[in-house]
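Just so you know, the protein sequences line up as chains A, B and C, in that order. Heads up, the first sequence is in the numbering used here, so the first residue is 46 and it goes up one at a time. Heads up, the second sequence is in the numbering used here, so the first residue is 46 and it goes up one at a time. Heads up, the third sequence is in the numbering used here, so the first residue is 46 and it goes up one at a time.
Quick caveat, the hints were computed from the structure, so don't treat them as lab data.
Derived pair list, reagent style EDC-like, types lysine to aspartate or glutamate, alpha-carbon separation capped at 16 Å:
no., chain 1, residue 1, chain 2, residue 2
1, B, K309, B, E248
2, C, K95, A, E248
3, A, K95, B, E302
4, B, K95, C, E299
5, A, K171, A, E311
Simulated coverage check for chain A against chain C, where a stretch passes if three residues somewhere in it have a Cβ under 8 Å from a Cβ of chain C:
no., region
6, 233-245
7, 259-265
8, 281-287
9, 292-299
10, 327-336
11, 355-362
Beta carbons: idealized from backbone N, C-alpha and C, even for Gly.
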Amino acid sequence: MKVLKEYDMDNISIATIGSHSALQILGAAKKHGFKTIVLCKRGYETIYRKFKIADRIIVLENYREMLNEKIQNLLIRENAIIIPHGSFISYLGYEGIKKIKPPIFGNREIFKIEMDRKLEREFLNKAGLRLPKELEPEEINTLCIVKFPGAKGGKGYFLVKSYEEFKQKIKEQKLDISKITIQKYIIGVNVYFSYFYSPLQEELEFYGVDRRYETNVDSIGRIPARYQDVNPSYVVVGNIPILLRESLLKEVIEMGENVVKISKEEFPPGIIGPFCLECIIDEDMNIYTFEISVRIVAGTNVFITGSPYYYVLFGRNVNMGERITMEIKQAIEKNKLERIIT
Amino acid sequence: MKVLKEYDMDNISIATIGSHSALQILGAAKKHGFKTIVLCKRGYETIYRKFKIADRIIVLENYREMLNEKIQNLLIRENAIIIPHGSFISYLGYEGIKKIKPPIFGNREIFKIEMDRKLEREFLNKAGLRLPKELEPEEINTLCIVKFPGAKGGKGYFLVKSYEEFKQKIKEQKLDISKITIQKYIIGVNVYFSYFYSPLQEELEFYGVDRRYETNVDSIGRIPARYQDVNPSYVVVGNIPILLRESLLKEVIEMGENVVKISKEEFPPGIIGPFCLECIIDEDMNIYTFEISVRIVAGTNVFITGSPYYYVLFGRNVNMGERITMEIKQAIEKNKLERIIT
Amino acid sequence: MKVLKEYDMDNISIATIGSHSALQILGAAKKHGFKTIVLCKRGYETIYRKFKIADRIIVLENYREMLNEKIQNLLIRENAIIIPHGSFISYLGYEGIKKIKPPIFGNREIFKIEMDRKLEREFLNKAGLRLPKELEPEEINTLCIVKFPGAKGGKGYFLVKSYEEFKQKIKEQKLDISKITIQKYIIGVNVYFSYFYSPLQEELEFYGVDRRYETNVDSIGRIPARYQDVNPSYVVVGNIPILLRESLLKEVIEMGENVVKISKEEFPPGIIGPFCLECIIDEDMNIYTFEISVRIVAGTNVFITGSPYYYVLFGRNVNMGERITMEIKQAIEKNKLERIIT
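Here chain A stands alone, though its shape is the one from the complex (with noise of 0.2 Å):
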């Protein structure tokens, strides 16, 4: 990358947007002794004043400002790696990313999955995931949940249990279905898989499990039936932490392996750093896929004080932020920076 030949190695910084996992990552940063750099929509910034740990806030009146010639020039004079997240990639989308020019940790190319349904879902299958069936309308006979591809954070969303019933929402709300996927809902619990791949280390960690706090869906078990009136929503609250059941490991790192093994296919050279598979368990064991994040998920925070799994790898108290950093620093120090950025 050209623009890393310019970077004073010994003074680089790590900025990424206010938002999703920005005080796991900068906290982690700042504690391991890098400068860090927020970038904030007016009014967001005052939080991350309050928790000092941005030795510059950059205050925006929106993320896609960050494409602006100035912003990223300057990002580049403090040698700023950008670490993505999630907040990262919905505000900028795929064609905004392209256009940054500082390094960003992980691999821009691979992003592009979780802004395109069928990638996914074509990359999720060929990793040999099992996924949720998808369906025509003219095929629900059973309990299948409609999903529309600007519903935020889930909203919209809604269940039926057959063509009739589905026709007969769809007239109602008038819909357009035309960017719908139809699943056959899983019954079965929430759980949600992180990983790290160290381009380093060429080696696959487990990071945790957590599930997500939903409204109104989570809410839904606190009403007795009869006085449930409830069309349900996914909108993301936050999140639970949760430790797995030992025995499940060998499959869920396989399936981390996998993904690793294809995306390394697929988008060379692959999956950098953190990623997180969004699955649902059956009553018979089986996992069930539904998503994938290619870079660090708001779930990891969870685990702020210390990954249960790290904890038995390293033998002290490393989170997502820190397993990060510990990456980068580690680049650094060996010149190897070009193997962990795109």
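Dock chains B and C against the given chain A, drawing on the hints supplied.
Just chains B and C, lined up with the frame of chain A:
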């Protein structure tokens, strides 16, 4: 405060009632070198002995004995600062707390809003928070929750969907409705936000989020609808840690700032130390506050080994008990104890 | 124990089966300077290699191979102490465990109550614990849960509300009812209490609380009643940390004390090390115990980075694996290993 003048500042001890969050409070005090005193109802002293965190255990037949001159003088002789918590407030009441002679960490004037639903509601309204709508019985035309003032920990609450159903339940159970509160039931997830306001730093800190684990309401979601014959009750059994979606932090911190501001106006010198907003977030991300606690809540216990947000702020593991201890220590050093006790 | 006489006390190693809580156990042992051995079913060795916590990995075709003289002698040559856990007990069974020649941390006599529901129930009754009522089929007139002895992890359990429904389900599914257990379904929340009894300190410690995360029963609460067509199963996927309401600790600790006391009478020398009471708390705060585990449970994994109650007790982060290691270390130093192994 007069009694404080007699205190030996080199031998301050930390005292609290043996319940609620006493393990956290006393554990922290002991760790930071304070002498500790626990006031226990007979039978409960074994717990605090087992955890080895009380230098002195005072066994009471009932908590009102704390108001006896003998006990109060003993606490004064020990240079005790009392840390109030939920059990402390509910056992002694506002009238009892006023009679306590040793210094209390916190603002004892403001505790009254915890004991008076109307005052609490006015306070939350003044702080600009969004509250669940209250209704008259005749207005019930959607799912509502009916709360009774004496309902211990949420037992005896009930749900209704219509005025007809309300009348029937009142009649069947021969209930006294003179002091009931009827609130629109907000469909959404429970989140409890814990804060700490430091009068010394003049700064609001965000500590963390939990949700209550309540019996029997949290068992409903494990019983298929056709087998449900459950009247929900809301008796707290414990708490579960939650990590908040980072983009919500701005609003949540602003809510806390507003509470601190209004508390200074309404109950000078305002909130001192920990407080909690008990909220529900609906699918449109509206945050409804249905309760406030103006002292440490038991939910802080979920982060006894370290608050995730404090890990970011302080770069190490700190729980709420330790945060309180830090404030007291600093106040002693700077000769500003008067600023944090009443 | 005869074999112990041949052991080199300066070179004790810690061994366990690769599953359940092996990461916690071996991670702790390694951290505290012990050599570690993991016995894995072929295919699972990759996990333990990945976490770098096994000095020696023994690959087995099936767990019964542990009983082979070759393996047993190898363990003895390595001066191994075996840490039993749930998988260890369920794979080897009481008869298998009796044939193990190397020392086992814990009391192998008492393990039999985990394999015999009747014995377990008698034991819990003797300890004065409150148990869910058991019924004959004809007595079913309220919500009941029907449990099968072979039901792996809770699959195959079912709910019934009447004798008619029971007969119908048995008939439809052609079930063998000779060994079923019918229990009144307790409406309330699940809580699992983990304890540690130290024979060296002669003291019971409280470690923490978790709840199981089970498929598919924990997914019911996310499906609106009208879409539910779910037969609950109780297959454990993981565990969620819980902090207990402090006022419940007294009763919960007394329950543990009673269990220890009875275990000494019924299975001398009684419980050694970790155990767990699996309970439900109803809305009247009655605690029902429906199961006991007399060894480390997987639920302790939720506190791998440190039990909150141990943080109070020890002033630092300690998990159950480390607590076991501490006990063994102390026993070696004081020449009291005989007191904690069988």
